[in-house]
Amino acid sequence: MTVTPQFKGVHLFDRLCWAKETLDGVQSDIRIVFEDPNDMDAPAKILVPDLNWVAAAENGGVLPPVESYWELAKDEAQPDFVKHTRGYLLHNTEPVGPMTETTGPYGGWVNYLIMKDIPQHIWQTWNEGNKPKMVICRKEQLPATREWRNAWKISEELATDHNIAA
Amino acid sequence: MAGKIVADQIEGTTTTETVDGASVTIPNVIDTKYVVNGSSKAWLTCVGDNTAIDDSLNVSSLTDVTSATGRQNYSTSFNNLHYSFVGQAESTFSTTMVNLYHTHADKTASATQFFTVNAGGGNLDTEENCTQVLGDLA
Chain Z
1 MTVTPQFKGV HLFDRLCWAK ETLDGVQSDI RIVFEDPNDM DAPAKILVPD LNWVAAAENG
61 GVLPPVESYW ELAKDEAQPD FVKHTRGYLL HNTEPVGPMT ETTGPYGGWV NYLIMKDIPQ
121 HIWQTWNEGN KPKMVICRKE QLPATREWRN AWKISEELAT DHNIAA
Chain Y
1001 MAGKIVADQI EGTTTTETVD GASVTIPNVI DTKYVVNGSS KAWLTCVGDN TAIDDSLNVS
1061 SLTDVTSATG RQNYSTSFNN LHYSFVGQAE STFSTTMVNL YHTHADKTAS ATQFFTVNAG
1121 GGNLDTEENC TQVLGDLA
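These protein sequence lines map, in sequence, to chains Z and Y. Read left to right, the first sequence gives residues 1 to 166 (the numbering used here). Read left to right, the second sequence gives residues 1001 to 1138 (the numbering used here).
Errors might be hidden in some of the hints.
To be verified - If you want a taste of the chain Y side facing chain Z, the calculated C-beta under 7 angstroms gives, among others: (1) Val1024; (2) Ile1026; (3) Asn1028; (4) Ile1053; (5) Asp1064; (6) Ser1077.
What the hints assert, rightly or not - Keeping only pairs whose Cα atoms sit at most 25 angstroms apart, straight-line, the calculated DSS-like set for lysine-lysine is: (7) Z:Lys8 <-> Y:Lys1107; (8) Z:Lys74 <-> Y:Lys1004; (9) Y:Lys1004 <-> Z:Lys83.
Just so you know, the hints here were simulated from the structure itself, not pulled from any lab data. Even for Gly, the Cβ is constructed at its ideal location relative to N, Cα and C.
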């Protein structure tokens, strides 16, 4: 593991540039399949982790607390939003320590990424209802071809228990 | 870090050219703030069906939304919605011109949704998608 400089107070973009230059990318085969209950006619979406982001997450000391993104999202959701004024939440908060897929802060970087890049109304209630709204799987578990891509849905046969998406 | 250059301006050798018979001095100096502000703040190269990322900067993930639709999520959010998003789709095997575009409705400070279409406007997964984003960061 590469020793990360003390990055609190350093602009997040500069940290990412450091990570890109210093760390080897980590291609993950993790995929997060999710459906939006507010748009049930839409096909399932699939989140693909970025290789450089995963490298930064696993090395630690680069990414801000995920709560910083939530605060910025709240600001942007205001009807009179013009520009962000609290970017310091990304740059001046204590960076998150090393994570694996399933260990470390937030229970691992998969959880962190879900809470960052998937809408809250989906992951907060992923196991409510007749079937899960979200499933964590490996790339190989997805259909091998893109045939009928616009009709892909999470299987009705999946139960909403924690063993499915853990 | 090996070292750094601290400078407010970059200046080259001033040149003189003849334009319409008149001698004109060509300025050759630029403030470094324009170089920094004018550089790409995010870029992405991905498989054309948006199922895998080849390489990137300032991207945390890519969402395969549906056929011919992807959404790139940024690690560092942009300051506002007026950042400049440009993209290009590869058409090596598509046997048609392909285009990559985005819409205002699907653009936030933290993500941009984009679409790939053929010359007739029909949705089309391509061979490779490339995007670059310029703008002010939060």
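Taking the numbered hints from earlier one at a time, note which ones the structure violates and give those numbers from smallest to largest.
1, 2, 3, 7, 8 and 9
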